[in-house]
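A.B. asks: All chains should be built: construct the whole structure from the sequences, respecting the hints.
Chains as they are written, first to last, in our numbering: chain X, 1 to 278; chain Y, 1 to 261.
Simulated from the structure, these hints should not be mistaken for laboratory data. For clarity, every value in this text was computed on a predicted model and none was experimentally measured. Note that beta-carbon positions come from the ideal geometry of N, C-alpha and C, so glycine has one too. Please note that a few of the clues may not be correct.
Below, computed lysine to any residue pairings styled on SDA-like, alpha-carbon distance capped at 20 Å [said to hold, decoys possible]: (1) K55/Y - Y238/X; (2) K55/Y - R178/X; (3) K70/Y - R178/X; (4) K70/Y - L191/X; (5) K70/Y - I104/X; (6) K70/Y - P187/X; (7) K70/Y - L176/X.
Selected chain X positions facing chain Y (in silico; Cβ < 10 Å) [stated by the list, open to error]: (8) P173; (9) L176; (10) A179; (11) A180; (12) G184; (13) R186; (14) M189; (15) V194; (16) A198; (17) M223; (18) K227; (19) R269; (20) F271; (21) L272.
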Amino acid sequence: MTAVPVAAGAASLNAARIVAGAHLALRRIAGPAIVLVLWHLASTQGWVDPRFVPSPVTVLHALQEWMFGPKGASPYSGTWFAHAGNSAYRVIVGFLMAAAAGVIIGSLIGWFRFVSDLVDPVIQVLRPIPITAWVPFAVIFFGIRDGSAFFLIALGAFFPIVVNTAAGVAGAPQLLVRAARMLGIRPYMLLPRVVLPAAMPFIFTGLRLGIGLAWVLVIVAEMMAVKSGLGFAMWDAYYFLRLDIIIAAMLSVGALGFLSDLIIRLIGRRFLRWSRGL
Amino acid sequence: MRGLRKRFIDIARQEEVIALDGIDLDIGDDEFLTILGPSGCGKTTLLNIIASFEKATGGEVLLDGETVRKPGPDRGVVFQEYALFPWLTVQQNIEFGLRERRIPRAERREYVQRQIASVGLSGFEQRYPHELSGGMRQRVALARVLVNNPKILLMDEPFAALDAQTRSMMQQELLGVWSAERRTAIFITHNIEEAVLLGDRVVVMTARPGRIKEIVAIDLPRPRDVTSTEFNQTRRRIGALLEDEVQAAFAAMRAETTSMQ
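C.D. replies: In structure tokens form, the structure reads like this:
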């Protein structure tokens with residue numbers, strides 16, 4: 001909040017808000033702007049070989065053609081939406097599978113001691129294994145198709161979701177459980193009515209980590225195990241040394257990843273209105 | 001309550017601790033009983049056993065002749081830390097017990113509205129707990145149990161976290177609610193004035209192991225005037241009883257610290 005004298009009218013209050021808002025916007029834009037300028041200078045002033053680091057302008061042109069160029073004019077022209085759509089589709093399906101499995105299994109681990117003893121050690125051993133190590137199995141079992149990508153994304157995003165959900169459920173305040181029991185809750189309703197709501201902040205943290213990983217893994221999957229999508233385009237562009245396309249694809253993934261995280265954050269804000277500071 | 005006993009093992013020190021020993025207590029219908037004791041005397045343990053949050057090592061708790069086994073809405077608990085569900089609004093918090101017991105919606109709404117009005121929460125129905133002051137939160141907690149029409153109201157230092165003014169106001173309101181809809185109440189506190197102001201009888205407990213030292217009937221007419229001579233005589237008398245126990249608790253704590261060093 002901006003401090004404003006009590007006597008100040010609504011007009012000056014609004015003015016103060018606009019000024020504060022402009023300051024904030026400026027500060028947030030400044031960082032990326034500096035990076036862009038340095039990148040441009042590096043490429044155009046010969047600090048680096050422009051064949052290997054194309055300038056932002058070159059990348060922008062490449063992206064524009066990739067997105068809106070007539071199909072067939074060049075290998076990439078007009079194919080962006082198909083690739084991005086494929087990647088987004090895989091991320092959504094894989095992430096939803098991970099979210100469903102992670103929240104359900106995590107709840108059971110956090111709530112039932114028996115399940116925790118049985119399942120948690122398995123998860124803790126599998127968790128540190130890089131998802132890339134699973135690629136051969138994904139290809140053998142699911143082929144060079146969407147199935148491989150779904151599997152790799154779902155597996156990778158599953159771990160942060162399951163671990164956070166389990167921690168949130170296990171850590172649900174004993175006091176609230178007592179309060180609910182004293183109010184006459186049927187025991188099997190404790191999990192849905194008290195423990196899961198109390199664990200929501202943890203679950204959303206897990207989901208945000210999961211969606212971030214899903215974008216990492218869709219690129220991995222498309223580079224190694226599927227023949228379409230932004231990851232595939234990157235790998236393909238690498239063979240033709242179209243580094244401008246690679247950077248355009250990187251920026252696309254960054255933007256789409258940011259967007260999907262934003263969506264989860266907005267949903268979380270609705271769910272977590274009761275929780276301050278989230 | 002008959003022959004209640006609670007033992008547990010102090011894991012760090014590998015020895016048995018007797019938290020409560022031989023508590024025998026009869027509470028009359030509609031009686032307001034306050035339990036007063038030094039910290040660590042097992043007051044909260046006693047309340048937790050009555051609420052069935054903890055099991056007694058020996059003895060039993062009878063409510064209308066029946067042994068209590070599980071927590072339930074017949075014994076409404078008001079916690080010092082409020083224990084409201086932070087994701088539910090004031091109205092939803094108060095409605096929680098009725099909803100879990102599948103009371104029809106229309107009936108539920110009616111009870112809740114009436115309860116909200118009687119504890120002075122009208123206009124705050126749609127607020128979340130974090131938007132309320134401590135006093136308001138404790139009103140919600142009180143309404144949340146009263147709406148279930150409990151046979152007995154259990155309160156564990158409910159006003160200890162409030163500032164002096166809010167505390168005094170809440171005491172008056174609690175007495176108002178209690179005299180409007182008479183109900184058996186057990187109120188735990190370490191505050192002598194609060195114990196004497198609220199209670200029909202004051203149970204003074206000993207330092208660990210918790211036993212009943214004395215039960216003092218408070219015959220002062222209500223509303224009680226905390227500045228009156230009679231009130232202060234009673235207060236002094238109970239104060240003297242408690243003082244020995246506070247000393248004992250303090251000495252025990254010192255001995256423990258020394259033996260640990």
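A.B. asks: What are the numbers of the hints the structure violates, in ascending order?
C.D. replies: 1, 5, 17, 18 and 19
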